[in-house]
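Starting from the known structure of chain A, arrange chain B on it as the hints suggest.
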Amino acid sequence: MAVTTTRSERSDTAVATREIEQTRVVRKVLRYVPIYLLMVFISAIIVLPLLWMLSTSLKPKSQWFTQTIEWVPRTLTLENYQKLFSNPATPIGNWFLNSVLIALGTTALVLAVDSLAAYAYARMEFRGRNFLFGLMLLTLFLPRMMFLVPNFLTIATLHLLNNWAGVMLPALAGVFGVFFLRQFFESIPKELEEAASLDGANKFQTFYMVVLPLAKPALATLGILTFLGSWNDFLWPLLILRDPKLQTLPPGLRTLQGAYSSEYGLMLAGAVIVAVPVLLIYIALQRYIVQSVASTGLKG
Amino acid sequence: MTAKRKFSWTPYLFILPHLIFFGVFIVWPFINGLLISLQQYDFLRPEQNKFIGLQNYVDLFVPGTLTFNEFWDSLKNTLIFVLISVPPLVIISLLLAVLLNIKIPGRNVFRAIYFAPWVLSVAVVGLLWWWIFQSSGGLINYYLKDLGIATPRWLSTLPWAWISILVATLWWTIGFNMIILLAALQDIPDQLYEAASLDGATPLQTFFQVTLPMLRPVLLFVVTITIIASFNLFGQPFIMTGGGPAQANGTNATTPVMYRIYIQGFVRPLQGSAAAMSFVVAAIMIVISYFNFKIFRQREND
Chain A
1 MAVTTTRSER
11 SDTAVATREI
21 EQTRVVRKVL
31 RYVPIYLLMV
41 FISAIIVLPL
51 LWMLSTSLKP
61 KSQWFTQTIE
71 WVPRTLTLEN
81 YQKLFSNPAT
91 PIGNWFLNSV
101 LIALGTTALV
111 LAVDSLAAYA
121 YARMEFRGRN
131 FLFGLMLLTL
141 FLPRMMFLVP
151 NFLTIATLHL
161 LNNWAGVMLP
171 ALAGVFGVFF
181 LRQFFESIPK
191 ELEEAASLDG
201 ANKFQTFYMV
211 VLPLAKPALA
221 TLGILTFLGS
231 WNDFLWPLLI
241 LRDPKLQTLP
251 PGLRTLQGAY
261 SSEYGLMLAG
271 AVIVAVPVLL
281 IYIALQRYIV
291 QSVASTGLKG
Chain B
1 MTAKRKFSWT
11 PYLFILPHLI
21 FFGVFIVWPF
31 INGLLISLQQ
41 YDFLRPEQNK
51 FIGLQNYVDL
61 FVPGTLTFNE
71 FWDSLKNTLI
81 FVLISVPPLV
91 IISLLLAVLL
101 NIKIPGRNVF
111 RAIYFAPWVL
121 SVAVVGLLWW
131 WIFQSSGGLI
141 NYYLKDLGIA
151 TPRWLSTLPW
161 AWISILVATL
171 WWTIGFNMII
181 LLAALQDIPD
191 QLYEAASLDG
201 ATPLQTFFQV
211 TLPMLRPVLL
221 FVVTITIIAS
231 FNLFGQPFIM
241 TGGGPAQANG
251 TNATTPVMYR
261 IYIQGFVRPL
271 QGSAAAMSFV
281 VAAIMIVISY
291 FNFKIFRQRE
301 ND
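Chain order of the listed sequences is A and B.
Each step along the first sequence adds one to the number in the numbering used here, with nothing skipped, and position 253 is 253.
Each step along the second sequence adds one to the number in the numbering used here, with nothing skipped, and position 42 is 42.
A couple of the hints might just be wrong.
If the Cβ cut is set under 7 Å, some of the chain A residues that face chain B in the computed set are [claimed, not checked]: (1) PRO49; (2) LEU51; (3) PHE65; (4) MET124; (5) PRO143; (6) PHE147; (7) TYR264; (8) ALA271; (9) ALA275; (10) VAL278; (11) LEU280.
Rather than coming from a laboratory, the hints here were simulated on the basis of the structure.
These numbers were taken from a predicted model, which means no experiment stands behind them.
For each residue, glycine too, the CB sits at the ideal point set by N, CA and C.
Next up, chain B with everything else stripped away, as it sits in the complex:
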């Protein structure tokens, strides 16, 4: 007998169902998306579709066109949201995880409460906070009025529209990072803390010299998925602000790039242009993730 096995169809039968769907809905759309991005494409008027080479990409990089303005403006909006949301999403969830890591009775109940909003749909979260941030009748402005503080029009003026979206997002997703960081905290061996306390370290010193270094790999993971999640922002502004308020230059202040792709592909619909935008955004996201990993790796080697 040789080590060579007889060919068998069995493994292929096992993977076949998944492979078909993987091919149709992940591999093919990737290829098809590239092809569409090279065309002037509208699925409602297929007779007008035509190959236009790299024009859809050129439009994204030649200043002055409407597409250029809208695309880069929406990308700027996405970056604003990434910048304002990632630090609190990571830092507050880490603080909550540290709080829940204190071994006191009942902490599992609090853990369950803090995580609860994560199981809701963005449609519920958006609608809920849209109601709370209403200028009149909204919960927030009731209390601000009671305190004698000026009541802003939260959802239709800046910077309040971003703050509303940020608050809704924090409330909704903070529990996810918290749970992952809490699990990582609980994996840190007790001996390390004992050693630190024998050395007379203060709690703050222990946190920065024991806890944080031990958390680094998980923190990298959390920062990366949080950046990606914030980059994918869509539902909250879609429901809460409608992408507004409108700006003087014709763009919308809280329309992130995913919302722009949605408008381009399904409202206008310029699907070739939307596909081109998707590929540029995907490239940017991959580059960001790559550098994120590199920065953390480098620090680890220092």
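Chain A extracted, bound-state conformation:
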């Protein structure tokens, strides 16, 4: 008897729990609806301007200005893109290539230079270490605009105006990457490096063969942020690369704005060409990029 009661009680409870669970799920979903609506609404504010840019860039000139709004082009055309690529005054193909090479070059150099320095600051004792580290920390508080005029003059003195090196080299002076990588190197257990040096590896071999492979996530983070920063940089390449052929894409857009004062479709086609590569990278590495920003932000 006692057993059966327990059994029926059990099944009763099971049914009751299931019902409660179901109403809970329904309620939860209902509660989610307004939240989802809000989230979708905000997404529209973010996405629609980009779609409007894309839409205009695919419209023929006669449809840039219409009586009523036309989100989907009546006639889809690539003529804006074709015009853009065929005008020698705005060599956007060159700009694209320049942007790719400068961004990749800057990223590779920053990773090499910063990881070497960061390893020394993380693991080695040397005279002047604290002084240099403190000095670097201080410069973090100085606004970038302060360096604009004097660095421009330095680049001019070094005859690096209209030279990619003039765009890339100042990026190597940054201290953020050194701080960021140093923090990561310090988190790697020392034993691995000690084992390597017992095996007869010198400092550089230890760094190159043991530490760097372990630091891949940190290097990837710094690499992505450096690439984005370099690809998007506007003012510095605008000042250094005066020759239109050597220009990168973001200042190139400024050139388009001047060259085609009311040719909106052409300018927006240019903007699409600048935006699409980074958006594709972002879509592919979204989780990673967001985490990079969150982690660098928190560590400040």
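For chain B alone, coordinates are given in the frame of chain A:
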């Protein structure tokens, strides 16, 4: 064996590449900038450069000169932008972070969407919103016309020019603060919320008595970097409004101080004066950051 180590060149070889660039492009420009700020300096006509002592600084502090008017007017414009942009950049991003902190399926997709504009160049963002805010053909005025609302000339009249720049900036950078605040929200231990709900706290009470206090250090960081970022405003007005509209007193309404330094140093070019402006602005920014930290510290101690 003594504890003293043998001198080794190895560490210096490791830091040398970075140190060279750090020296050439951060330490030297600081010193060189000070030297230039004491001269009448134009790199295109070096033969006319001459030492003029503190004249470039005096010009910034003696009322009546053109430089004085332009500099302080642009600084005023920068402060206007800091005042109108920092509160929404912090508050809206905090609200978005709270929204995305609700544990529902698919929130990572929305997080990714909200953050996306941050990866774009200011050149793209500026051009995009310049197009959207065009008086005729612009997206905004299409809809305003449909609604029967007067359509302002967004980019060339006040206060609309500032509002256009503000909207573009919010759209572009709100995701950055949001991501940092969201990470901080997720670090708050669940026990605190459980305790609050056991005590019968309403969601609003929980937000003000649990969430906000726990966020304080990160909020300080976010407010500080947002003030600095807004202080550095340059690209958006450069592309969207060209610094205009022009005012009756000869100044430009949306020319912030960084734009002024750019004009002074590269358009005129009076590079000595531009360098002096940079140092005054840097000093102001450092003072603001310092007080910002102090105010937050003090509240923490109360």
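Cross-check of the supplied hints:
no., hint, in the structure
1, PRO49, "holds (6 Å)"
2, LEU51, "violated (10 Å)"
3, PHE65, "holds (4 Å)"
4, MET124, "holds (4 Å)"
5, PRO143, "holds (5 Å)"
6, PHE147, "holds (5 Å)"
7, TYR264, "holds (6 Å)"
8, ALA271, "holds (5 Å)"
9, ALA275, "holds (5 Å)"
10, VAL278, "holds (5 Å)"
11, LEU280, "violated (10 Å)"
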